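Single-letter residue listing:
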Amino acid sequence: MRNLKGTAWRWLLALLAFALIAAACGDDDDAETTETTAAATETTAAAATETTAAATETTAAATETTAAAAGTPFDAPGFGTWEEVLAAADGTTVNWFMWGGSDVINANVDNDIGDVIKEQFNITLNRVPADAADFVNKVLDESAAGVTEGGTIDLMWINGENFATLKNADLLYGPWSESLPNAIYVPWDDPALANDFGEPVEGLESPWGHAQFVMEYNTDFVAEAPTTFEALQAWIKENPGTFTYPAIPDFVGSVFIRHLFYWAAGGPEPFLGEFDQATFDQYAPAVWEYLNDIEPDLWRGGGTYPEGPAMADLLANQEVYFNMSYDPSRASTNIASGTYPESIRTFVFDTGTLSNNNYVAVPFNAANPAGAMVLANYIISPEFQLVMSDPDQWGWLVPTDPTTWPEEAQATFSSYGTGVATLPADVLNSHALPEPQGEWVTAMEAGWIENVLEK
Amino acid sequence: MARTTELTDLAERESLRSRLKIPLMLAPAVGIVVLLFGGGILVGLGQSLGYFPAIGLNEFTFEYYGSVLTDSNFLRSLWLTFRIAATATVLSSVLAVGFALVLRQKFAGSRLATFLFQIPLPVPHLVAASGIILLVTQSGLTARLAYALGIIDVPGDFPAMVFDEAGIAIILTFLWKEVPFVGLVVLAVLQSVGPQYEEQARTLGANGRQRFFNVLLPLIMPGIMSTSIIIFAFTFANYEIPLLLGTRFPSTLPVVAYRLYQDPDLALRPEAMAISIVLAIVALLLLIAYRRLARYAVR
Amino acid sequence: MTVDTKEPAGPAAESQEYVDVTERPTVTAKWVRRLAVASIAVAVGLPMLSLVVWSFAFRWNFPNLLPSEWGTQAWAYVADDSSRVVEGLWNSTKVAVLVTLLAIIVGLPASRALGQHEFKGKSAVEWVLMMPIIVPALVATMGIHQIFIRLRLTETLFGVALVHLIPAIPYFVLVMASVFANYGTALEETARTLGANKFRVFRYVTFPAISSGLLVASMFTFLISWGQYVTTLLIGGGTFVTLPLVLFPFLSGANHATAAAISLVFVAPAIIVLVFTSRQLGRESSVMGGFGRI
Numbered sequence: 001m002r003n004l005k006g007t008a009w010r011w012l013l014a015l016l017a018f019a020l021i022a023a024a025c026g027d028d029d030d031a032e033t034t035e036t037t038a039a040a041t042e043t044t045a046a047a048a049t050e051t052t053a054a055a056t057e058t059t060a061a062a063t064e065t066t067a068a069a070a071g072t073p074f075d076a077p078g079f080g081t082w083e084e085v086l087a088a089a090d091g092t093t094v095n096w097f098m099w100g101g102s103d104v105i106n107a108n109v110d111n112d113i114g115d116v117i118k119e120q121f122n123i124t125l126n127r128v129p130a131d132a133a134d135f136v137n138k139v140l141d142e143s144a145a146g147v148t149e150g151g152t153i154d155l156m157w158i159n160g161e162n163f164a165t166l167k168n169a170d171l172l173y174g175p176w177s178e179s180l181p182n183a184i185y186v187p188w189d190d191p192a193l194a195n196d197f198g199e200p201v202e203g204l205e206s207p208w209g210h211a212q213f214v215m216e217y218n219t220d221f222v223a224e225a226p227t228t229f230e231a232l233q234a235w236i237k238e239n240p241g242t243f244t245y246p247a248i249p250d251f252v253g254s255v256f257i258r259h260l261f262y263w264a265a266g267g268p269e270p271f272l273g274e275f276d277q278a279t280f281d282q283y284a285p286a287v288w289e290y291l292n293d294i295e296p297d298l299w300r301g302g303g304t305y306p307e308g309p310a311m312a313d314l315l316a317n318q319e320v321y322f323n324m325s326y327d328p329s330r331a332s333t334n335i336a337s338g339t340y341p342e343s344i345r346t347f348v349f350d351t352g353t354l355s356n357n358n359y360v361a362v363p364f365n366a367a368n369p370a371g372a373m374v375l376a377n378y379i380i381s382p383e384f385q386l387v388m389s390d391p392d393q394w395g396w397l398v399p400t401d402p403t404t405w406p407e408e409a410q411a412t413f414s415s416y417g418t419g420v421a422t423l424p425a426d427v428l429n430s431h432a433l434p435e436p437q438g439e440w441v442t443a444m445e446a447g448w449i450e451n452v453l454e455k
Numbered sequence: 001m002a003r004t005t006e007l008t009d010l011a012e013r014e015s016l017r018s019r020l021k022i023p024l025m026l027a028p029a030v031g032i033v034v035l036l037f038g039g040g041i042l043v044g045l046g047q048s049l050g051y052f053p054a055i056g057l058n059e060f061t062f063e064y065y066g067s068v069l070t071d072s073n074f075l076r077s078l079w080l081t082f083r084i085a086a087t088a089t090v091l092s093s094v095l096a097v098g099f100a101l102v103l104r105q106k107f108a109g110s111r112l113a114t115f116l117f118q119i120p121l122p123v124p125h126l127v128a129a130s131g132i133i134l135l136v137t138q139s140g141l142t143a144r145l146a147y148a149l150g151i152i153d154v155p156g157d158f159p160a161m162v163f164d165e166a167g168i169a170i171i172l173t174f175l176w177k178e179v180p181f182v183g184l185v186v187l188a189v190l191q192s193v194g195p196q197y198e199e200q201a202r203t204l205g206a207n208g209r210q211r212f213f214n215v216l217l218p219l220i221m222p223g224i225m226s227t228s229i230i231i232f233a234f235t236f237a238n239y240e241i242p243l244l245l246g247t248r249f250p251s252t253l254p255v256v257a258y259r260l261y262q263d264p265d266l267a268l269r270p271e272a273m274a275i276s277i278v279l280a281i282v283a284l285l286l287l288i289a290y291r292r293l294a295r296y297a298v299r
Numbered sequence: 001m002t003v004d005t006k007e008p009a010g011p012a013a014e015s016q017e018y019v020d021v022t023e024r025p026t027v028t029a030k031w032v033r034r035l036a037v038a039s040i041a042v043a044v045g046l047p048m049l050s051l052v053v054w055s056f057a058f059r060w061n062f063p064n065l066l067p068s069e070w071g072t073q074a075w076a077y078v079a080d081d082s083s084r085v086v087e088g089l090w091n092s093t094k095v096a097v098l099v100t101l102l103a104i105i106v107g108l109p110a111s112r113a114l115g116q117h118e119f120k121g122k123s124a125v126e127w128v129l130m131m132p133i134i135v136p137a138l139v140a141t142m143g144i145h146q147i148f149i150r151l152r153l154t155e156t157l158f159g160v161a162l163v164h165l166i167p168a169i170p171y172f173v174l175v176m177a178s179v180f181a182n183y184g185t186a187l188e189e190t191a192r193t194l195g196a197n198k199f200r201v202f203r204y205v206t207f208p209a210i211s212s213g214l215l216v217a218s219m220f221t222f223l224i225s226w227g228q229y230v231t232t233l234l235i236g237g238g239t240f241v242t243l244p245l246v247l248f249p250f251l252s253g254a255n256h257a258t259a260a261a262i263s264l265v266f267v268a269p270a271i272i273v274l275v276f277t278s279r280q281l282g283r284e285s286s287v288m289g290g291f292g293r294i
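Protein chains in written order, with my numbering: chain E, 1 to 455; chain Z, 1 to 299; chain U, 1 to 294.
If you are wondering where the hints come from, they were derived from the structure by calculation, not from laboratory data.
Some hints here could point you the wrong way.
Mimicking DSS-like on lysine-lysine, the simulated pairs with C-alpha atoms at most 25 Å apart in a straight line are [as the list claims (entries may be wrong)]:
hint, chain 1, residue 1, chain 2, residue 2
1, E, Lys-237, E, Lys-455
2, Z, Lys-106, U, Lys-30
3, U, Lys-198, Z, Lys-21
4, U, Lys-122, Z, Lys-21
5, U, Lys-120, Z, Lys-21
A quick note: this is a predicted structure, and the numbers were derived from the prediction, not measured.
Looking at chain E on its own, in the form it has when it is part of the complex (with noise of 0.2 Å):
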């Protein structure tokens, strides 16, 4: 019996051993073992890319003339021209890692990029769901983990902080986004485009859709919208319980407190530069002070703030009177699913409103970068963008400039009307606000929870 007890407490010595040693292996950084596991699960699509790829850039080297003669030029790591990259792309399959959490948006997709991709150019659309926290977590997880190809990521639907986090951890594959063919229609001499939340894009990523924030409220209870900072106070003073925003770091709710910035600085001026301690401490407490003020007239008396897609839940269902968003007809395409009742509005503040772009961007490690691109081309063509901006179908604002598109697009284009709840494009376009930069978003949000959430 003192033997069968030895022998298993060697056998649990033995596996926890293992254990150890299995874990600390890959601590070691050992790029030989990682290396030789990518190589071994490399995917057939991700090897047929890289010998396209390799084939390339010898003859990219050797004569460039002759791979500008041989078709379109375009300027990517790995690609000299356009069909070189829709030959590579041919039959393979994107990963398109993007958040997932509105029905519409997810069966947009498929249908409208999903189908059409697959039927031009005989590419497989996976669209993953998933929050950009956690992909961009993957990005980095798998380059702690040394995966430096055949990556999981082919594109990504990111912005701001996720994007200036992973191009400055060198992270991203490219450039190579202004050199899309339809490249032509996008505007990259603004400087709104070209940088994302002050970060140079430096085509490391392409746009995707153009955002603009607007309040939404409930037209059966709020009689005239209140567009400016003092009346929405005096709003919440004589309503409580009505209002609230939500928690960082959800970004519609770090929004929210950008616009308060603006507006105790009396513009966005003092924001667009560099990060400024000094200047940050001029404004803020008037901003935390607002905030605190408003605070016991919230929704559950500010004792908690919300998540932000739980927002529309509480205003479909007069918990609370307002909600906002970044998408100027998310309240039409609310009403017309069934989500809101048909009394809801949208508004913009007096002093304007800010306005971004969404972006895709490809990971350094990405199996097909090749299909991404195609993809990323396919989604700024004047035939898409007049989808996307049909309010009857996406009922998106558009990233690229419709006055370059062809004539009949653009007669397409001005032929649409806007959605029941949507404001008409010229007073978003008339009230819209640049983004600071996104160190001054990483001060505002840490402060929001020090001087707010935490008080």
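With chain E fixed as given, assemble chains Z and U onto it according to the hints.
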């Protein structure tokens, strides 16, 4: 002579086989748990102590534990996590015993009632939460009924049970799932014990209350103890239910730890790991204390 | 945490399925019983019923007690490929079946050793096996995540199944050890003395004796895998989509109709499994009793 050696050989081989038999039977299960669970904890422990070479951390340090344990928000979250888990555990045990006592009786419809009682058992926690959200928010179906009956005028009049610091909807979801679990265990114990002890007590003149506290409860106590350990550990560590139904601040510890873990800033991971390790240690200590206490109480 | 090797409980348990202890129920007792049954019906039925109604609602805002507009758009979305519900259903099933099979393969011998044999170090082994359900598994999951990235097991069916196996093994072993303890070895030994070989002993003696317990243990294992969210999210990395992952984003939003429809798809197989095992749950006292023996 040769024959004797053969026999000894055979006996030796036989005894070796029987000696190895049990370790071999246990090895696959124990191996998987030790490798995966133990290995995972080791990696987590290493990172919580500052060993994270992937981002250039190689020095062992207790700094992360220090910063976690001295943070007043950590203590607030710990208390919230404990309060929710403890309330869910105690309430589900008490309710489960009550239902088990009713369901062991034979009456018209008792089979159907037992089946209904079993339904939450296989239902995933997320679905339970999904159904409960529809009922208990301030504009949910119950609130609408209250409005129709003239009890409330606006949703804000209805008591807050979702996104509230008390965590009522979280506890309700756990109760909905765990009461049947404990109840069925208690029911199984009651059935295997049979009625003879109670009959004897009755013959000796014990009333209903005495029969319950002096006869039944000691019999089902071990079962309640084990299930409450399982439930407490589960609710203490659950992430998705408090995330869906709880307040943004304070959040329960698993939510805090997971948020830190998933932050794009990898430098926050050691802290996430430290919180998770503390969570595991606290749970283990509480359960050991509970077992000691329960044993002492039973005696 | 002692799985006692007890003598067989015998057929007595069978006849005591519903014990009528209160021979002449008093009026109060009757009302208590009615109240209890009514509260079970309401507590279990209402959430399920509201899911069904919501899944057919188009517009249903406060303060309406019934939808102001009905619709089947939620079910159309569920059936559409873009919702990934069908894919999630298929993946969830694959993982849960794989986990159940793995749990049986590794868990059955271990349960037998713990249920029928006394040996030194037994309680230590029991402790080790119960760890995953006693110690909050969050830290282990995060640690495994990092090991699995290096082993290239993330985003794979096998990787997800392995991580589901961690909580599944303790539950499976708890139930099966209790089942083995209740049946004892006497009958097997008789069969062996009568000349039956190992396979025949298992096929004709052991298996029939444990089969209903095994069914319930497998059900538990299947359902543990079926309901996993965080582990799948981390190890599956978002690309391996199971039903909980499809459902989750809708739970925090305003689209209750879609959330309800996906919930119903998610819960249906679980209820079907219950229907098959409900009788065993009520009858096999050793099965549920197994959870009472930590």
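Going down the list of hints, with the structure as the test:
1. E:Lys-237 - E:Lys-455: Holds, because 20 Å separates the two Cα atoms, which is no more than 25 Å.
2. Z:Lys-106 - U:Lys-30: The given pair, whose Cα atoms are some 12 Å apart, holds under the 25 Å limit.
3. U:Lys-198 - Z:Lys-21: Distance of about 15 Å is within 25 Å: holds.
4. U:Lys-122 - Z:Lys-21: holds, 14 Å
5. U:Lys-120 - Z:Lys-21: holds, 13 Å
Violated hints are absent here; each numbered hint is respected by the structure.
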